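Top to bottom, those sequences are chains A and B. Read the first sequence against our numbering and you will find it ends at 419, with the numbers running on by one and no gaps. Read the second sequence against our numbering and you will find it ends at 233, with the numbers running on by one and no gaps.
It should be emphasised that the hints constitute simulated quantities derived from the structure, not laboratory data. As the structure is a prediction and not an experimental result, all values here were calculated from the model. For each residue, glycine too, the CB sits at the ideal point set by N, CA and C. Honestly, I wouldn't trust all of these hints.
Claimed, not checked - Not everything, but these chain B residues come out facing chain A in the computed CB check (under 10 Å): (1) His67; (2) Tyr69; (3) Arg79; (4) Ala82; (5) Gly86; (6) Cys108; (7) Lys145; (8) Ala180.
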Amino acid sequence: MILLRLTWKSLCNRKLTLMMMLMSISVSVLLLLGVDKIRQQAKDGFSSTVSSTDLIVGARSGQINLLLYSVFHIGNATNNISWSSYKAISDHKNVRWSIPLSLGDSHRGFRVLGTSSDYFEYYQYGKKNALSFTEGNAFNGLFDVVIGSEVAKKLGYQLGSSVIVTHGMGNASLMNHEDKPFKVAGVLAATGTPVDNTLLVSLEGIEAIHLDWKAGVKLPGVSVSAEEALNAKLQPKQITAFMLGLHSRISTFQLQRSINRYSKELLMAILPGLALQELWGMFSLFEKTLAAITGLVVFSGLVGLLTLLLSGLNERRREMAILRSVGARPIHILALLMLESLFVTLISILLGLVMLYLAIWLGAPVLQQEFGLHIGLEGLSLWQWQLIGMVTVAGFLVGLIPGYRAYKYSLADGMSIRL
Amino acid sequence: MKAVVKIDQLVFSWDGHLPCIQIPAFELSHAEALFIKGPSGSGKSTFLNLLGGVLMPSNGDVTVLGHRYDDLSSSALDRFRADHIGFIFQQFNLLPYLSVIENICLTCRFSARRRQRALAQFTTLELGAVDLLERLGLTDERLYKRSVIELSVGQQQRVSAARALLGAPEIIIADEPTSALDPKSREQFLDLLLSQCNEMGSALIFVSHDSSLQHHFHRILELSSHEDGGFSL
């Protein structure tokens, strides 16, 4: 008890050193936990880029490939799938809802996705969040387009802005569908998913701009005006992929098997959660690098603490000698130094936590609004508690080094008080 | 009366070189006030360190209260010292971050024996500290809760004396405790220290180069040059 009191009072007597020690450890604790929270959030956010979708179906290729083009709109499908296959599978009794996806066109570098209005009803991301509009609403007319938040911000589009779709992914203006411009009917709120970078139109709209096209080339001498297109029969013949929501999760694997064995066309169904996890696995290097960096930050914080403890030691020789003369044994001196570094570490961890939650509390609305990143004020994960435990033990052990030196000093100096 | 400290054929030298101190025979009786004088560099502090068991003699032995220091392990020696010896040094005896009262009680926090003795005498350590301060002439209660750095040197030395006396150790070792005081407060301090040692039944070994103080003491010894080199008592 007396040792605790002495440690505490002695620390309070050296306020400047104490503050510097607290700073060096609490900032590294803040970084350690902050980076881990962001890493965890990035992983969670990534793994829930799509949620409550049970299966994604596309032409047979690899699971990552299908995930990349259907969800992240990266790369291209090896093949399209026929409308009849889509109809047949989405009419299956276990299917609750289906969202067709048609990719291939773009607008100034952003992907244009042809889909149905079910997209706005059933597509979910994160913790089962539905899409919401900051302005306008879903597409109604043939030439309505809904834009993601990032598209709106980068291109400065508002409701009513005119959008000309480019054929393919190129930025070159060679093959624009300029005869049939779209009009912005709605702007989506930020989600932190690829939806933010997407323009959404109806399947019929995609069909309409390709009426006078064949195999990716505009038919020479044939021209269908926008007015004519409005009255044309716009039944899609092909789509790129589709998403399925099932009545019961239990039937997922059964349906997946039967889609994979579908006889009329080579199809593949994937479970998005599993595929996303596999894809995240590719970022393990990124995770390891982050962990290494924060590890180094903590290490340098501890080195800072050690430096301060050691440099203070010489000035404290008198204090140690006084303690020896009133009956403290060298082991008490060792304990005093170790307690000191333990105290500093514990207070620093508390401070670091306060700073962390303050930062989250202040920063969360901005992150949510600007990046669609959701970081909650929830408690620490088991791993984060373990990190704290490791820092505490490390801080305690750091005290061993000055403690041992002080122990040696006090044996050598004895009672004599050196000035 | 039985000797509190007994030294027999003691020789001390640093690293086996020429002897630094030789003490053929030395005894200190119960409650005796002993003055040891010697010029600076005559090994006064070395002698005190030998008495306190901080240094071990090269030859001969030190026996305190019937315990031979040779027979005690270093941690047992630490405990023994905390239980039976009070120290007063020249200056800067006190921890600046503790109050006057806390500084005085410190010895009793590290020694259970002295704590029990102090409690038997005063019921609480704080009361004991106040009582000793009053007897040593520090009656202003406002001083007690203050930080020790606000005290004058003379006041600080009285606080150190109170700390050495609390729990009534058998031996008080004082190493030039008055050298930083002016002549008037020097006499006053010495009077108070001696009367309190007498009352507590503690033997006092007082080391100083200032022989003007020696008339206060029962016995006077001098560390003088020895023909083999070094000093002897």
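So, going through the hints one by one against the coordinates:
no. : hint   : result
1   : His67  : violated, 16 Å
2   : Tyr69  : violated, 14 Å
3   : Arg79  : holds, 7 Å
4   : Ala82  : holds, 3 Å
5   : Gly86  : holds, 9 Å
6   : Cys108 : holds, 9 Å
7   : Lys145 : violated, 14 Å
8   : Ala180 : violated, 12 Å
Of the numbered hints stated above, those contradicted by the structure are hints 1, 2, 7 and 8, listed in ascending order.
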